[in-house]
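Undergrad: Following the hints, complete the assembly by docking chain B onto the known chain A.
Protein chains in written order, with this note's numbering: chain A, 1 to 111; chain B, 1 to 115.
Derived from the structure by calculation, the hints contain no laboratory data. Keep in mind it's a predicted model, so treat the numbers as computed, not measured. A portion of the hints provided could be inaccurate.
[Claimed, not checked] List of simulated lysine-lysine pairs, DSSO-like, C-alpha gap at most 30 Å:
1) A:K53 x A:K96
2) A:K70 x B:K56
3) A:K96 x A:K70
4) B:K67 x A:K70
5) A:K57 x A:K96
6) A:K96 x B:K56
7) A:K57 x A:K11
8) B:K56 x B:K67
9) A:K57 x B:K67
10) A:K70 x A:K11
11) A:K53 x A:K11
12) B:K56 x B:K42
13) A:K11 x B:K42
14) A:K70 x A:K57
15) A:K70 x B:K42
16) B:K67 x A:K96
17) A:K53 x A:K70
[As the list claims (entries may be wrong)] Residues of chain A clear of chain B, computed beta-carbon distances all greater than 10 Å:
18) V19
19) L21
20) T26
21) L43
22) G63
23) Y64
24) S69
Using N, Cα and C, we set each Cβ at its ideal position, and we do this for glycine too.
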Amino acid sequence: DAGITQSPRHKVTETGTPVTLRCHQTENHRYMYWYRQDPGHGLRLIHYSYGVKDTDKGEVSDGYSVSRSKTEDFLLTLESATSSQTSVYFCAISEKGETQYFGPGTRLLVL
Amino acid sequence: QKEVEQNSGPLSVPEGAIASLNCTYSDRGSQSFFWYRQYSGKSPELIMSIYSNGDKEDGRFTAQLNKASQYVSLLIRDSQPSDSATYLCAVNTNAGGTSYGKLTFGQGTILTVHP
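Bound conformation, chain A alone:
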């Protein structure tokens, strides 16, 4: 997890509220990714970024948005949280778009 932090690490929220998760890296890597991990589904890509202000959708992007205004920060926003978005969220970084390194994760519970 060196060089990658995620905040908060745990969060409980209510259905319908907006939630923002932060990924911060100190490695100056170009690529950043958000995944969610659920039992029976494995890791699934939500959104990714290939540079400052350059982002695109992944496999499960509905209900999520992202922003990257600085190299080091990649924010994931749940616009109106639903119970189906209860999950563990992982951020990952990559220098050249090959090997990815993961952050410690955020456990989100939507009641």
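TA: Structure of chain B alone, referenced to chain A:
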């Protein structure tokens, strides 16, 4: 639809044995292959990467890639109880050089090494 399939688990081996983890993928354009280890409640940790057909060894770990058969495997020699974890296979398709490093993961295989 790109898919990555891993052998169903859980896999249980005795200490000191060889653990064999298998993964198949559907996209022939796949270029890069990765094995991650994930302990319960922790984040995935990179163990091996492999890009060319054949074997790649790193300590007790050997990754094997056969692109013709669309198959990648991970062998763990002299398995230890500390190897007990979920092992994730991940595949990067770089067709046209614009994949941006996106990975498709298998669902993982739970490995238990018993003393």
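Undergrad: Could you run down the list of hints and mark each one as holding or not?
TA: Consistency of the hints with the structure:
At most 30 Å may separate the alpha-carbon atoms for a hinted pair to count; K53 of chain A and K96 of chain A meet this at roughly 17 Å. For the hint pairing K70 of chain A with K56 of chain B, the CA-to-CA distance comes to about 37 Å; that exceeds 30 Å, so the pair is violated. The suggested pairing of K96 of chain A with K70 of chain A holds, with an alpha-carbon distance near 17 Å, which does not exceed 30 Å. The straight-line distance between the Cα atoms of K67 of chain B and K70 of chain A is roughly 38 Å, outside the 30 Å bound, and the hint therefore fails.
This hinted pair checks out: K57 of chain A and K96 of chain A have alpha carbons roughly 19 Å apart, not beyond 30 Å. Proximity of K96 of chain A to K56 of chain B is assessed by CA-CA distance (about 21 Å); at most 30 Å being required, the pair is judged to hold. Between K57 of chain A and K11 of chain A the CA atoms are separated by roughly 24 Å; this keeps the pair inside 30 Å, and the hint holds. Taking the CA atoms of K56 of chain B and K67 of chain B, the gap is about 14 Å. The hint holds against a cut of 30 Å.
This hinted pair checks out: K57 of chain A and K67 of chain B have alpha carbons roughly 28 Å apart, not beyond 30 Å. For the given pair, K70 of chain A sits about 24 Å from K11 of chain A by alpha-carbon distance, which is consistent with the 30 Å threshold. Of the supplied pair hints, the one linking K53 of chain A and K11 of chain A holds, its CA atoms being roughly 26 Å apart against a limit of 30 Å. Note on K56 of chain B and K42 of chain B: the hinted pairing holds, with a Cα-Cα distance of about 26 Å set against a maximum of 30 Å.
Of the pairs offered as hints, the one joining K11 of chain A and K42 of chain B holds, with about 16 Å between alpha carbons and a cut-off of 30 Å not exceeded. Distance restraint check for K70 of chain A and K57 of chain A: the Cα-Cα separation of roughly 19 Å lies within the 30 Å cut-off, and the hinted pair is therefore satisfied. In summary, the hint linking K70 of chain A to K42 of chain B is supported, as the alpha carbons are separated by about 27 Å, within the 30 Å threshold. For the proposed pair K67 of chain B and K96 of chain A, the alpha carbon gap of about 23 Å is at most 30 Å, so the pair holds.
Of the pairs offered as hints, the one joining K53 of chain A and K70 of chain A holds, with about 8 Å between alpha carbons and a cut-off of 30 Å not exceeded. For V19 of chain A, the condition that its CB be more than 10 Å from all CB atoms of chain B holds, with the nearest at approximately 20 Å. In this structure L21 of chain A is separated from chain B by more than 10 Å, as the shortest Cβ-Cβ distance comes to about 14 Å. A cut-off of 10 Å between C-beta atoms confirms that T26 of chain A is not in contact with chain B; the least separation is 16 Å.
Once the 10 Å rule is applied to beta carbons, L43 of chain A is inconsistent with being away from chain B; the minimum gap is 4 Å. Listed as a non-interface residue, G63 of chain A keeps its Cβ farther than 10 Å from every Cβ of chain B; the least gap is roughly 19 Å. Look at Y64 of chain A: its CB is around 16 Å from the nearest CB on chain B, clear of 10 Å, so calling it non-interface holds up. With a minimum CB-CB distance of about 19 Å to chain B, S69 of chain A clears the 10 Å threshold, and the non-interface call stands.
Checked against the numbered hints given earlier, this structure breaks hints 2, 4 and 21; the rest are met.
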